[in-house]
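Trainee: Residue-level listing of the chains:
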Amino acid sequence: MKICVLIKQVPDAGSVLRIRDDESWVEEDKLVFTANESDSYALEEALLLKEAHGGEVIACTLGPERSRQVLKDALSKGADRAIFLHDESFNNLDCNGLAKVFAKVLEKEHCDLILCGLQADDTGEAAVGPMLAQELHLPHVTMVVQTELLDGGLKVKQELEGGWFRQVETSLPALLTIQSGINKPRYASLRGIMAMKKKELRELSATDLGVPATELAPMQTLQRIYVPVKTKETVYLEGAPEEVVAQLVDKLANEAKVL
Amino acid sequence: MSGQELHIPGLFYLCAAAALLSFVYQLRRAFVARIGQPEPRTLSLAEVLRNALVYGLAQKKVSSRQFGYASIMHLLLGWGFMELFFATTVDFLVERNLLVALLPEKDTPWFAALNEVGGLMLLGGVLMALFRRHSGMRPPILPHNAFAGRGNFLGDTGILLVLLFLAVGGFLAEAARLALEAPATANASFVAWPISLAFSYPTWVVWQPWLWWSHALLALAFIALLPQTKMFHALIAVANVALTDRSQQGQLRPMNITALMEDPDAAPDDLVLGAARAEDFTWKQLLDAQACTECARCTSVCPAHAVGSPLSPMKIILDIRNDLYARTLGDGDVRPLVDGVITATELWACTTCRACMEVCPVLIDHIPAIVDLRRNLVLSEGRPPEEAAPVLEKIAKQGNPWGFPREQRLKWAEDAGLELPLMADKGQTDILYWVGCAGAYDPRNQQVSRAMVAIMQAAGVDFAVLGPEENCTGDSARRLGDEYVYETVAHQNLKTMGQYRFNKIVTACPHCFHTLGTDYRQLGAEWEVVHHSQFINQLMETGKLTVSGNVTETVTYHDACYLGRHNGIYDAPREVITRALGPEANLVEADPCREQGVCCGAGGGNMWYELPTEERINLMRFDQLAATKASTVATACSFCLIMLDDACKVRDRENSIQVKDIAEIVAEGIG
Ligand SMILES: Cc1cc2nc3c(=O)[nH]c(=O)nc-3n(C[C@@H](O)[C@H](O)[C@H](O)COP(=O)(O)OP(=O)(O)OC[C@H]3O[C@@H](n4cnc5c(N)ncnc54)[C@H](O)[C@@H]3O)c2cc1C
Ligand code: SF4
Ligand code: SF4
Ligand code: SF4
Chain A
52 MKICVLIKQV
62 PDAGSVLRIR
72 DDESWVEEDK
82 LVFTANESDS
92 YALEEALLLK
102 EAHGGEVIAC
112 TLGPERSRQV
122 LKDALSKGAD
132 RAIFLHDESF
142 NNLDCNGLAK
152 VFAKVLEKEH
162 CDLILCGLQA
172 DDTGEAAVGP
182 MLAQELHLPH
192 VTMVVQTELL
202 DGGLKVKQEL
212 EGGWFRQVET
222 SLPALLTIQS
232 GINKPRYASL
242 RGIMAMKKKE
252 LRELSATDLG
262 VPATELAPMQ
272 TLQRIYVPVK
282 TKETVYLEGA
292 PEEVVAQLVD
302 KLANEAKVL
Chain B
407 MSGQELHIPG
417 LFYLCAAAAL
427 LSFVYQLRRA
437 FVARIGQPEP
447 RTLSLAEVLR
457 NALVYGLAQK
467 KVSSRQFGYA
477 SIMHLLLGWG
487 FMELFFATTV
497 DFLVERNLLV
507 ALLPEKDTPW
517 FAALNEVGGL
527 MLLGGVLMAL
537 FRRHSGMRPP
547 ILPHNAFAGR
557 GNFLGDTGIL
567 LVLLFLAVGG
577 FLAEAARLAL
587 EAPATANASF
597 VAWPISLAFS
607 YPTWVVWQPW
617 LWWSHALLAL
627 AFIALLPQTK
637 MFHALIAVAN
647 VALTDRSQQG
657 QLRPMNITAL
667 MEDPDAAPDD
677 LVLGAARAED
687 FTWKQLLDAQ
697 ACTECARCTS
707 VCPAHAVGSP
717 LSPMKIILDI
727 RNDLYARTLG
737 DGDVRPLVDG
747 VITATELWAC
757 TTCRACMEVC
767 PVLIDHIPAI
777 VDLRRNLVLS
787 EGRPPEEAAP
797 VLEKIAKQGN
807 PWGFPREQRL
817 KWAEDAGLEL
827 PLMADKGQTD
837 ILYWVGCAGA
847 YDPRNQQVSR
857 AMVAIMQAAG
867 VDFAVLGPEE
877 NCTGDSARRL
887 GDEYVYETVA
897 HQNLKTMGQY
907 RFNKIVTACP
917 HCFHTLGTDY
927 RQLGAEWEVV
937 HHSQFINQLM
947 ETGKLTVSGN
957 VTETVTYHDA
967 CYLGRHNGIY
977 DAPREVITRA
987 LGPEANLVEA
997 DPCREQGVCC
1007 GAGGGNMWYE
1017 LPTEERINLM
1027 RFDQLAATKA
1037 STVATACSFC
1047 LIMLDDACKV
1057 RDRENSIQVK
1067 DIAEIVAEGI
1077 G
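From first to last, the protein sequence lines stand for chains A and B. Just so you know, the first sequence maps onto residues 52 to 310 in this note's numbering. Just so you know, the second sequence maps onto residues 407 to 1077 in this note's numbering.
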């Protein structure tokens, strides 16, 4: 079984975030980066599936030079090889663009299974996985909390809202987005770290992939990043019931403009 | 045996030769440790001889008030045995007119009396041992059924019975000789002579050959089998103590992983990382394992064992020995050591408190062996304790085990409005104050850091801190067996501090103190590190710091393992307390304390995970401290403070007992 895991490098959960003066993003120079939490669980799930059924695990990330580290960590933990997507033109991709780039790479890999994290801890959109499935015309299941390989297919447990779960069966190849807590991510042994140095880590640029910049133009742009400001206010309407109703109607009509 | 009628027959010589041959053949057991890894010794011959004499023949570490009965028992046994061995050798040589000029005269009253004393000591020791083993005194971990040893021929009781028969048989054979030969000095044999008088001459004539032969054959059999029995320790333990470098005890083996990582030829699959088999230990560690006398003193003082953990340091040592004998001599099956005979739970329970090493009579180095086994689990298998894995990652990434942002390392000072001089700005200073992760991030220890600043400011100390440049020393990582993370942070620290000039490093954390001062020495550090107990004590002693000192409370002091047993600092913190509180204060000692003090449970990485045990070590220790009726429990260690403060809350004693660092006690007095 050939499995590809998409791992995003994000700021460590304990980071102190400072917004840039131009409100375009956060200051990155003092941040410590790490693999996205749910992506670590996705990697572990891939390694467990490989250990149980054989095959190959490929780790893939897209990002600036620093994000190469998440691939090294994945290789140290047991991934067989890694693909590093790195290009100036990838800097401002939105989820759609990301999905397109990943699709270009994965088209050629013919994986049986693609695992994403549930959502990235920085932007939290939970979109890349499903969008990529769409690009590759693959079935996908989100929020997966358990996997079981069947003959030619996969049975997964999916988390729903309100503490509900459901069992889903899918054919392979397929894409899953993995929920945190599905397993216990392993710790990289020194033996693994040493072995990592001898494993393949292929770097690919936009030209290598043959994705024209026009296809990657963002459909979505980040306008401003800011600390949430308190905007809501609760007002108690007091008085006799008729007065309260009158005030309420006035407010709905003139302030909220919903009537 | 002299005289015409008692000539020694050729048969005896044949038996003696066979016994000696067997003994020499068995002695190969002593050399199986050579399969171990190299470990250079820099001991001089004088030191080797001194060690052999002090810890071997004189049995210095056998004598201990803590184990009074067992000490007397063993001193009697050991010295009695040595005396009889000496007497028998002299006897044998004199009979054959060998080396007579060098030997004491045999047929003198003092020699006869001395031998009787030797025999009585052995007999007394054996009886004490048999009684101990078969009464309520038996330490629960020792076997009591006669022939059950741990892989030893004859077992523990079996060998005692042999010694008993040798001692009694010796007196009887001697009585027979005295009766038949009636030498002039006979009445100096104050035990054998009365026995000889108890029976008639004809009776002795009949019994003499039987007594003599049974005694001689038993003695020869004893010699023939000695290396296979528990008594082997009499030889191998002496060799082991002789070759022990006391100054290096307890130090973890350097691994030089940085060089390993840079070596392009290193084949990851062939690397020996830590120890998983006997041959992965050094020859000295294997000799240690062979020297174990199975006295169980180590296990009886182990705090983890006391709270119901399966960890027994004696078992670990014996497991290593069994693995060694299985692999080299084919004694028993070879079974996996890590995760086989020794479980991960046993290994993770060790707090590296050094209590076991403190009491081991034959100078065995338990902690480095345990850490080597842990290293295998972590470096080779990638299996630290589940809760510790993220801690190791945080140490590597954020430079502290809590994973707080590096840039907030000085928040404790900023929040208190303190503007501290930074090394990065000053470049040089007298005192580099090493705050440590706990001092920087743990709310309770932040108070200690602020107390330290108040003290240094009051005493006009020229100091600076590293601030965000400070990194975890890697103590927990190293003791958890993650030498890779340890070396990574250590090299970062060495590089940072290499840029600056300072006279001394001062720290309030004994773990930082030990790591910076002892562990980093292996990596080339040459600086002087001083613990805050020593530092504050000196400030007060030299009059640089004056403290009001009119407190009347009762204080007890908890010895931190890494200050006391690991570094021999027992008095400085006590002096700080008495100086700070003034003459009215009452410093009471907990039972046990100092060398025998009990760990708080946080060492060796145990700060970061919990193992299922019946009781918690910190609660056990807190109860001992609370039993002193002191209203203040003083500590001098960041981790001890956290553990005991926690215990105080769990025991609901916050209203009657305060847990405080000695720096806080001092700072209160300078107002
Ligand atoms: C069921 C559900 C409930 C939600 N509820 C709320 C809510 O109550 N409040 C709220 O504010 N939000 C909520 N969200 C979040 C949601 O609205 C998000 O804004 C959005 O849908 C998810 O985008 P994302 O950026 O997290 O995912 P993506 O950025 O698409 O990341 C998903 C995965 O794609 C892969 N990936 C992405 N980028 C890279 C890269 N550069 N390199 C390698 N791999 C990459 C990783 O595997 C990652 O884990 C919810 C989302 C879901 C699905
Ligand atoms: S160091 Fe302490 S905890 Fe570890 S085995 Fe020895 S006595 Fe037990
Ligand atoms: S290791 Fe030392 S203290 Fe422990 S049983 Fe062996 S000899 Fe005794
Ligand atoms: S050794 Fe201990 S107190 Fe010292 S820096 Fe590391 S965790 Fe902090």
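No lab work stands behind these hints, which were simulated from the structure alone. It is possible that some hints are incorrect.
Simulated crosslink set (DSSO-like; lysine-lysine; CA at most 30 Å straight-line) [claimed, not checked]: (1) B:1055 <-> A:248; (2) A:81 <-> B:803; (3) A:249 <-> B:1055; (4) B:901 <-> A:249; (5) B:512 <-> A:123; (6) A:248 <-> B:512.
Just so we're clear, the structure is a prediction, and the values are computed from it rather than from any experiment.
Trainee: Run every hint past the structure and note whether it holds.
Mentor: Hint-by-hint comparison with the structure:
1. For the hint pairing residue 1055 (chain B) with residue 248 (chain A), the CA-to-CA distance comes to about 49 Å; that exceeds 30 Å, so the pair is violated.
2. Annotation: proposed proximity of residue 81 (chain A) to residue 803 (chain B) holds, straight-line Cα distance about 12 Å (limit 30 Å).
3. Note on residue 249 (chain A) and residue 1055 (chain B): the hinted pairing is violated, with a Cα-Cα distance of about 52 Å set against a maximum of 30 Å.
4. This hinted pair checks out: residue 901 (chain B) and residue 249 (chain A) have alpha carbons roughly 28 Å apart, not beyond 30 Å.
5. A C-alpha spacing of about 78 Å is found between residue 512 (chain B) and residue 123 (chain A), which places the hinted pair above 30 Å, so the restraint is violated.
6. Pair hint residue 248 (chain A) plus residue 512 (chain B) does not hold up; C-alpha atoms about 74 Å apart against a cutoff of 30 Å.
Of the numbered hints stated above, those contradicted by the structure are hints 1, 3, 5 and 6, listed in ascending order.
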